[in-house]
Amino acid sequence: MTYLKTKIVSVAVDSKACRPLTGFLTSILAVFVSTALLMSAPGCGPGESQTASKVANKPPANGPGTFTFINRGDIITLDLNQMSYLQDFRVTYALREGLYTYKLPDMVPEKLLVKDAKLSEDKRTWTFTLRDDAKWSNGDSVTADDFAFSWRNLLESPGEYTSLLYYIVGARDYEVEYADKGPAADSAKVGIKVLSPSVLEVKLNDPVPFLPDLLAFPTFYPRNQKSMEAFKKTDEKGRVSYDAKYTRPENVVLNGPFVLSTWEPGKQLSMDVNPNYWDKANVKSKKLVMVVNNDPQSAFQQYDSGQVDWLADVSPDISANLKRINRSDLRSTPAYGTAFLTFNCAPTVDSELGAGVKNPLSDVRVRQALAMTVEKDYIVSVITRMGEKVASSYIPPGFFKGFTSTPTPGYDVDAAKKLMVEAGYPDGKGFPRLSFMYNADNPTRKAFGEFLSQSWRDKLGINVSLEPLEIKTYRSRVTEKNYTIAAVAWYGDYMDLSTWTDKYHSTSQNNDSNWGPKEYDDLLAKAAKEPDEAKRQELLQQAEAMINTQLPILPLYHFVNVSLYRDNVGGITPNPKLIVMPKFLEVK
Amino acid sequence: MTAITPTDLPAASLRPVQPGLLSRFFKFARTETRTFIGGLILLVIAGLCVVTLPWTLSPRGPLSFEFRNRGDERLPPSVEKFNYVMGTDAVGRSVLARSLLGGSISLAVGFAAAAISVTLGVTVGLIAGYRGGWIDSFLMRVVDILYGLPYIVLVLLFKIALEDPLKTVFAPRVASLIVMFLAIGLVSWLTMARVIRGQVLSIRSQPYIEACRAVGLPERRIFLRHLLPNLIGPITVYATLTIPQAILSESFLSFLGIGIDPTLPTWGALAAENRSNGLDVNYPEWWMILFPCLLLSATLLSLNFLGDGLRDRFDPKKEAAKL
Amino acid sequence: MKSYLIRRILQFPLILAIIYVVTFCMVWVVPGDPFQNSDRAMDPETVQRLKEEYRMDKWYNFLTYYPYRLVVHQDFGPSLRNKEFSVNELIRERWPVSLSLGFIALVIAIVIGMTVGTLSAVYRDGLLDWLGMSLTMIGISVPAFVTAAVLLLVFVAYLDWFPAGSTAVGAGLTFSQLFLPSIALSLAPMAYIVRLQRVSMLDVLGADFVRTARAKGLAKPWVIIKHCLRNAFLPVLSYLGPAAAITLTGSFVVEQVFALNGLGKTFVDSVTNRDQTMILALVMIYSGLVLFLNLLVDLLYGVIDPRIDVAEVK
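Protein chains in written order, with my numbering: chain A, 9 to 596; chain B, 72 to 394; chain C, 34 to 347.
By construction, these hints were calculated from the structure, which means they are not laboratory data. Among the clues, some could well be false.
To be verified - Partial selection, computed: residues in chain B whose CB lies under 7 angstroms from chain C: (1) Thr104; (2) Tyr201; (3) Asp215; (4) Tyr218; (5) Ile223; (6) Leu319; (7) Ser322; (8) Ala342; (9) Arg346; (10) Ser368.
As the list claims (entries may be wrong) - List of simulated lysine to any residue pairs, SDA-like, C-alpha gap at most 20 angstroms: (11) A:Lys467 to B:Ser129; (12) B:Lys238 to A:Ala363; (13) C:Lys84 to C:Val105; (14) A:Lys534 to A:Val216; (15) B:Lys238 to A:Ser195; (16) A:Lys253 to C:Arg125; (17) A:Lys245 to C:Arg88; (18) A:Lys480 to B:Ile231; (19) A:Lys62 to A:Ser336; (20) A:Lys253 to C:Arg88; (21) C:Lys84 to A:Asn161; (22) A:Lys437 to A:Ser473; (23) A:Lys111 to A:Phe225; (24) A:Lys66 to C:Asp193; (25) A:Lys253 to C:Arg102; (26) A:Lys111 to A:Leu586; (27) A:Lys366 to B:Thr239; (28) A:Lys123 to A:Pro205.
Unchecked claim - From chain A, some residues computed to sit far from chain B (all C-beta separations above 10 angstroms): (29) Gly71; (30) Lys126; (31) Lys131; (32) Ser171; (33) Arg180; (34) Gln233; (35) Val300; (36) Ser336; (37) Val429; (38) Phe439; (39) Ala455; (40) Phe459.
Predicted model only: the values in this text are computed from it and were never measured. A virtual CB, placed ideally from N, CA and C, is assigned to each residue, including glycine.
Next comes chain A alone, as it looks inside the complex (with noise of 0.2 angstroms):
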C-alpha cells in the first residue's frame, strides 16, 4: 500500500507529467473563457432594458448627399423580363419610372409619366396620354413606342410575370404564337396600340379597374429600343430576345431619377442622378450606394458602425435581440405576405408515400384535423418572435375595404381527432409517413417545422419527419408536386384580390396543392366578368372562403418586415409592399 502511495506522490510531483495536462486544459478553457467573460461583461453582453436605448445619429455613409444601404440580396438581374425579386425591383425604382406610381403609405396608384387617362365606356379601353417632359439618360424622349416595345418584348421573350399581361386582349394569344412561328405572328392583334408618339391606347378582355396598380409595377416600364438594337440576338426560329449586358451601365439607356454607374456583383452597385430626369430638382440624393452583404452579423455590424445608413432586412434572430434592447432604430412593419404549409391534395402522391397508397391529405378531414392541431400563438411568440399576426386566413387583413375573411378552424384537439376518426386514422394507425419539406437554409421554417411535427406525433399520434432540401431541389421539388407538405410563402404583387385567388386556379402554375374544384374556378371567372365593385368582392370572398374552409394550405403567420435605420434617414414610408422610393432617400 504504501508503495502504491508513494508512487502516486512521486508521479504528482514529477511535474513532467502534470505538465502537459496543465497545458492541454489551460489553452482550451483559456479561449472559451475569456471569450465567455467577454460576452457577460457589463456594456457588452446582455441586458434587457425598459427604456428605449436612443441610437445617434450618424453622417451619410459615403459623404454628404449619398445614400448607402445594404438590400435584401445580391441583385439577380436588372433586365425587366426575368425580373422577380424584391431587391431588383428596389433597384429598378431608382433606375426606370412607369406610367404610374405608388402613393406611400396607402399604396395608391398615382399618375407619373401619364399625363391624362381615358377610360372607355365599356371599361375595356384606356388611352394614356405621356406627359412631353420625360427624358431618356441619353436624350431622347420617352414616347409611347418606349412602352408597346417594352411589353410586347415582354411576350416574346418570356418571364415570371409576364402572366401580368394577359388582362390584355391577343397577349396569350400572341405569346404562344410568337414561340412558335417567330415573327411571322401577327402582332398587330395585341391591344397596344401606338396612336401617336404621346398617345398609348391598351385594349383589355375584360374591364380591369385595378389596372394603374399594375401599370406601376416595374415588369410594365418602358425601354429604350434603340440602345438595345446592339444586343438583339434571334434564335433559329427568328425568335427575337436581348442580351442582359443591355443592363450593364455603360450600355443601358434609363429613364428614371437615377443612372447605373457602376456595378459589381456580388459587392456593389452605384447609382447617381440622372442629368436628364424631368424631376431632378425633387431629388433629395445626389448618389446611392447599395452594398450586397449576405452575413446577419456583418451587415448589422456595417449599419452599427455607420457605414451603412439603412439596413433594409434585418434577420430574425437580431431583431429579436434588438427588440429585447428595445433599440430605437428596429422599424418593423406588416407586410403583404403571408405564411403557410401547402398540402399535396392528390389521391396518390406515388414517389412520396409509394406505389397506390390513399394519400391522407386528399381527404378534406385530415387538412382540418392537422389545422385544428396547430398552435400559431406559440409559433409567433416563441419561434419567430418578429410580432407577426397570427393569420387566421389566407389573405392577410385589412388591405382591402369592406372585405372579410371566412377565419380558418381554430384550434381544438378534441374535434380534430374526432374528424381523424371519421377519415379512417383513429389515433394515427394506418397514417402513412408524411415528409414536411423546407429549404434548408432558412432556420425559421425549420423551427417551425420540428415544432409541427412534435405537435402532430403528440396529439394525433401521426408520423411527419423533416425534409430539409437544398434551395433549387426543394424548388423543383414543389413545381413538380412531388412533395406531402412543404412550408412556403406567398407575397401579393399588386393591391387587388386577384393577386391571391388567382394562385389556386385549377390552371395557374402557382397552384402547388393539386387543388381545383370547378365552384372556385367558376367564381373567378364570375368575378374577372363582374363590373359591380362589392360584387366582385363578395365573389372573391366566397373564393377565399373556400380556401380558408377546404384549406389546400395551412396559413401560418403574416409576414413583418424589419428594417434598420437612424431618425435623421428621410424618405422611407412604412407600406406593407415594402417599396421605397428612392428618389425621396436622403439622410438628413
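Got chain A; can you put chains B and C on it based on the hints?
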C-alpha cells in the same frame, strides 16, 4: 521492536526485478505523453457520451435529446435542475442532453469515415504500390481526379443519389446518418491511399520481399504476413487523424444546410444552428454554442494529440516527408 | 526520371478533360436549374427558351460548344446566374481578393507554425510545447465558421479594432479589412505546419551532426537556427503545395462571414445556383492548380527519400 522475519521482507527482492503494472503505466504516461493525454481525454468524453446513450436517446426523460418544457426556452445555465446546467436552446431542450447525444453521433460519423477510408485507402494503396506499372498509374490518376472534383458537389450528389433508396429500407433519421457516413467516408480515403502507396513502394524494394517472391510465396501471403504488419503504424496514425477531419467536414455540411436530419444533434450541427444567436452582439445566448464547441474542440484536440503520439512512436522519419 | 516527368505532364490534359466531364455530369444530374428562382413558378416553355438561349437544353453542348469556346477563345462563357457578366470577368474581379487573402494567411501560418513547431520540439513535452500546440491547433479542432464568427464578434463588434468591411465606392481592399479574415483562414494550415515542423525538427535534433555541433561547443539556439531549420523545412515545403490550393479556394466560410467578394464564396454560390459555366470554370482552375502542385510534391518525395524511385516500373 519486532524481529524482522523473512515474511516481512518485500517479495520483490526474492524475485527477478520486473516493473509492476502501475509503474509501467506511469512510465507510459511520462514518455508517450501525447498518446496518453489524447487517449485519456478522448476516453473520458467519448465514454461519457456513450454511457449516457440510454438516457439521451429515449424520447422522454429529462436527459432526452427531444425533451422540452414549455416556457423553458432560451434559459441561461443554472444549477437548480441538473439537465439545465448548460442551459436550454431555442425550443427549450436541454443543451446538456443534446451535446451528449451530439457527441455520440459526431464520433460515430468520425469512426465510420475512418473505417471506410482505411478499407478503401489501404486496398487501393496496396495494389497501386505493389503492382506498379499501369495499374499504379491508373489508380493514382483516379485519386488525382477525385482530388480535383469539388467536394461539395460530390457530397451533394451522394446525398441525392443515396437518400431515396436508403429511405425505403431505413427510417429517415437513420437513412440520413448512413448517407452522411458514406458521403464523407467516400471522399476521405484519398490521403490514406497515397500514404500507403508511398510506404509500400519503400518496403517493396527491400531485399526480404524480393526473397519472398523468389521463394514463390503467393501474393496474398506476402500482403498479409509481410506488408500489412509494417503498415499498421501509418494506418493507425492516419485513421486517427481522419476522424477529426470527418467530424469537421460534417460540421461544414451542417453549416451549409445539407447535414443529417435536423432533429438529430451533432456537435457541428449544434454549432452551426446556434452560431448566429449564440454570438449575437446584442444578446449573445453564448451557452448554446460554447458547450458544444468546448466538447468538440477538446475531443478533436485529443484525437490529434493521440495521432501525433502514435506517429512519434511509429518512426517519425518516414512520416515526416508525407502528410 | 525525365520520361516519367514528361509522361506525367502529358497526362494533364486527359485528367483535366475527365474532371471536366465528370463535374459536368454530376451537376447536370442534380435536380434544379439556374433559371427558376423565386417562389413563383415559370412556364415550362419559358424555361425551355432560356435553356436554349444559353445552350443548356442539349447536354452535348457542354462537350462541344463550350469546350471549343474555352480552348480557342479562352472564354468560359456567360455566368448563368449573373447573365450580364461573363465568367472570365467575374473571376478576374474576384481572384485578387482570394489571392491576397490566401497569401497573407499562408505567411501567417508559416511564420507562427514554424516558430511554435520548433519551440515545441526543442522543449518537448514542456508547458510551452503543450500550450503552443493546443492554441495553434484551434484550426483543426473548432469549425471555421465558429472561429471566424468569434473573431468578428470580439475584434469588430466589441473592441472595434477593425472595420466590418467597407462601403466606399470603387475602393480596393485595405489591409485592415484583410487582416482578420486572413487570421481566420490561416488557422487550418497553421495546424498542419506546426505538426509537420515539430516532427521533422524532433527527427533532425536527434541526428549525429547536431550532436557533433553541440560537442564542438556551439550554442544551442545557433545550432537550431543554422543547421536544423534548413533540414526540417523540407517536409513543410512539400506541404505548401496542397496548402496553397486549399487556401485559395477553400476560403468560403471566411469570405461569407466577413462579407468579402472572393472565389470561395463564388464557388459555393455557383453550386447552390447551378451556375454550370461558373462551376466548370472554377473546377478547371482548381484542379489545374492541384494537379500541378501534386506533381511537384511527388517529385520532391523522390528527392527527399532516395530509396523511393517514383519512376520505377515493374
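Honestly, which of those hints from before does the structure not fit?
-> Violated hints: 2, 13, 15, 39, 40; rest satisfied.
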